[in-house]
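Q: Chains C and B, in that order, give the protein sequences. Counting from 1, position 203 in the first sequence corresponds to residue 203 in the numbering used here; the numbering is continuous, with no gaps. Counting from 1, position 278 in the second sequence corresponds to residue 1278 in the numbering used here; the numbering is continuous, with no gaps.
The set of hints was computed from the structure by calculation and includes no laboratory data. In this text the structure is predicted, and so the values were computed from the model without any measurement. Glycine included, C-beta positions come from ideal geometry on N, C-alpha and C. A hint or two may mislead.
[As the list claims (entries may be wrong)] Result set (DSS-like, lysine-lysine): computed pairs, CA atoms no more than 25 Å apart in a straight line:
(1) B:Lys1254 to C:Lys187
(2) C:Lys270 to B:Lys1290
(3) C:Lys259 to B:Lys1246
(4) B:Lys1079 to B:Lys1290
(5) C:Lys254 to B:Lys1259
(6) C:Lys254 to B:Lys1270
(7) C:Lys136 to B:Lys1259
[What the hints assert, rightly or not] Simulated coverage check for chain B against chain C, where a stretch passes if three residues somewhere in it have a Cβ under 8 Å from a Cβ of chain C:
(8) 1143–1156
(9) 1183–1190
(10) 1204–1216
(11) 1236–1246
(12) 1263–1275
Protein chains: 2
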Amino acid sequence: MHIALDAMGGDHGPQELITGALLAAEQADVDICLVGDETILAKHVEVLAAGREAGRRLTIVHAPTTIGMDENPVDAIRKKRDSSIMVAFGLAKSGQAAAVVSAGNSGATLAAAVRTLGRLKNVARPGLASIFPTLKGPVVIMDVGANVECRPIHLYQFAVMASAFSRLYNVDKPRVGLLTIGEESGKGNSLVKETYALLHKSALNFIGNVEGRDVFLGDVDVIVCDGFVGNICLKISEGLAESAMKMLRDEILKSTMAKIGYLLARPAFKNFQKRVDYAEYGGAPLLGIKGIGIICHGKSSAYAIKNALIEAVEMERLNINEFISRELADGVTVPAEVV
Amino acid sequence: MHIALDAMGGDHGPQELITGALLAAEQADVDICLVGDETILAKHVEVLAAGREAGRRLTIVHAPTTIGMDENPVDAIRKKRDSSIMVAFGLAKSGQAAAVVSAGNSGATLAAAVRTLGRLKNVARPGLASIFPTLKGPVVIMDVGANVECRPIHLYQFAVMASAFSRLYNVDKPRVGLLTIGEESGKGNSLVKETYALLHKSALNFIGNVEGRDVFLGDVDVIVCDGFVGNICLKISEGLAESAMKMLRDEILKSTMAKIGYLLARPAFKNFQKRVDYAEYGGAPLLGIKGIGIICHGKSSAYAIKNALIEAVEMERLNINEFISRELADGVTVPAEVV
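For reference, chain C alone in the conformation it holds in the complex (with noise of 0.2 Å):
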């Protein structure tokens, strides 16, 4: 299976990309198309490939130009069809690459993926997942921004199609919550409330409302909320455990003794930091389009990258997009006045 891999995108230049591609090719079957400029992606990987079996497993596929982390999604996309993030679209589109990984611009990423992919049959909007990881296992939550405004046709869509991705988390029977403000049945805005009826007389394994603070609990598989809620609930999540950090470690580092405690504790930490760290599950992948599009956090490690490139080698095995296709053309009718 081949991947085509954005290799000039995220903060962290190519080396880091590289690396991560390099790992993923060490622990899969699977072979990388690193895309973007030839001459750097080539001296790169002379140097991090040496003497590296999995180096024979990745090629350069030559981008002229960059799509910038402030670049107008739209216009860049549009304007540079021979950026790297396009040109991976376009070896995804021709059959070269079974999926896409980027760590770049993600406005741009999530706008070359439909323009380029098109949608899957039925699927009203394509949108993003995100795995949260919680106290039992890691739950789904979609849509986390690709979508702002939404209809009860499109949350229940992601319903749908993040049920179905979470089989790669071996989920049987995937528990799906609606995200509002309160458990009851008639809790929440007028979207939630009209979404509500349509999950509870669909085929979904429904279990009602779920609040934000049973996010992190882990009794649901899936969440679905609007793009809007969702991203706000991504950056909160993500600024607040920053933040406590930074504020842990000021008082640590405020007293001798508690240095000397926080290294004896520190494997401990390192154990709680890999259970929350969103690198261990990849990256957020845009379902509901024709292929396979993951969308890494700028700042995304190599070991992060390596997992996003996993993750896109399960998806594909697993067949993912098939079952989305099936459930939502076999799946619950869907009552005209709502679409």
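Given the coordinates of chain C, assemble chain B onto it according to the supplied hints.
A: Just chain B now, with coordinates in the frame of chain C:
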């Protein structure tokens, strides 16, 4: 100054609430009317206030019924006019109390406050503000659940009211941010885009859009959003903080070395917890009503109740409501089409 405390609400029972009242009376010049079953309250006061000077600042006002945590708020306040929450707001209405503090059913407290005291002139919708700890100082977020569906004028007024409230933290020209999913002015849903225009031309110190990840950085004093988004932010932050602490504790308990390390670093952990503990910030004020109403977490400790009572004293002392009325009378002219 007299403050009415719903002495029957909350998960920990009257003891915790009365202890909080005693602590407040020991710290500030305040008299507290404990509202609830007089037989029960008198028994607790006898024990808890024994030998404490502050005991003389407590009085008991009888209320024969209570509203349970799971009762429907609107039904409950209509049917139970003699409940501790309703009697407490009755004291505020008649001028016998300057403020009400409750850790009981929050929906009922909210409804009772609006129903009994009414709105301040020119306030379209009262809203609930919450104080979040950040890397720098506290940030006030409004609305966190009183208004599920909002219009731009409501968010603008939340900004005015929360700015007035932030005087409690000695903030001179509070920096106001609009919670959305991107920093540029065009980012967000239609509510956010229209609110942006309104805030931009207002007299407020509007610094533009803020994202979820900015909430805990402390570079903004006031953040506005609709009550659906705000409530989810509040609950997800609480849930993440609790779950993360549980995970960290699990990891520490796995090794003796880590346990020793934790013991050495415990003062640092305690300081950290103090910095992020909502109990430090009292309760959530309902702003925009003719009076002062503070809603506390059901699981509030005596310490949190004490801080909520002190918060009420400060709100009265600083004339927050007068400030809000003046701002909304002289403030920016809101174009008719957005009201």
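Q: Each of the hints needs a verdict: does it hold here or not?
A: Hint-by-hint comparison with the structure:
For the proposed pair Lys1254 of chain B and Lys187 of chain C, the alpha carbon gap of about 40 Å is over 25 Å, so the pair is violated. For the suggested pair Lys270 of chain C and Lys1290 of chain B, the alpha carbons sit about 51 Å apart, so the restraint of at most 25 Å is broken. For the suggested pair Lys259 of chain C and Lys1246 of chain B, the alpha carbons sit about 21 Å apart, so the restraint of at most 25 Å is met. For a cut-off of 25 Å, the pair hint linking Lys1079 of chain B to Lys1290 of chain B stands: about 23 Å separates their Cα positions.
For the suggested pair Lys254 of chain C and Lys1259 of chain B, the alpha carbons sit about 20 Å apart, so the restraint of at most 25 Å is met. Restraint check for Lys254 of chain C and Lys1270 of chain B: satisfied, since their Cα atoms lie roughly 13 Å apart, inside the 25 Å limit. Using a Cα cut-off of 25 Å, the hinted pair Lys136 of chain C and Lys1259 of chain B holds, with the two alpha carbons roughly 23 Å apart. Proximity of the region 1143–1156 of chain B to chain C, defined as three or more residues with a beta carbon under 8 Å from a beta carbon of that chain, is established by the 3 residues found.
With 3 residues bearing a CB less than 8 Å from a CB of chain C, the region 1183–1190 of chain B meets the requirement of three and the coverage assertion stands. Proximity of the region 1204–1216 of chain B to chain C, defined as three or more residues with a beta carbon under 8 Å from a beta carbon of that chain, is established by the 6 residues found. Counting residues of the region 1236–1246 of chain B whose beta carbon lies closer than 8 Å to any beta carbon of chain C gives 10, which meets the minimum of three for the stated coverage. Taking a C-beta to C-beta cut-off of 8 Å, the region 1263–1275 of chain B contributes 10 residues in contact with chain C, enough for the three needed, and the coverage statement holds.
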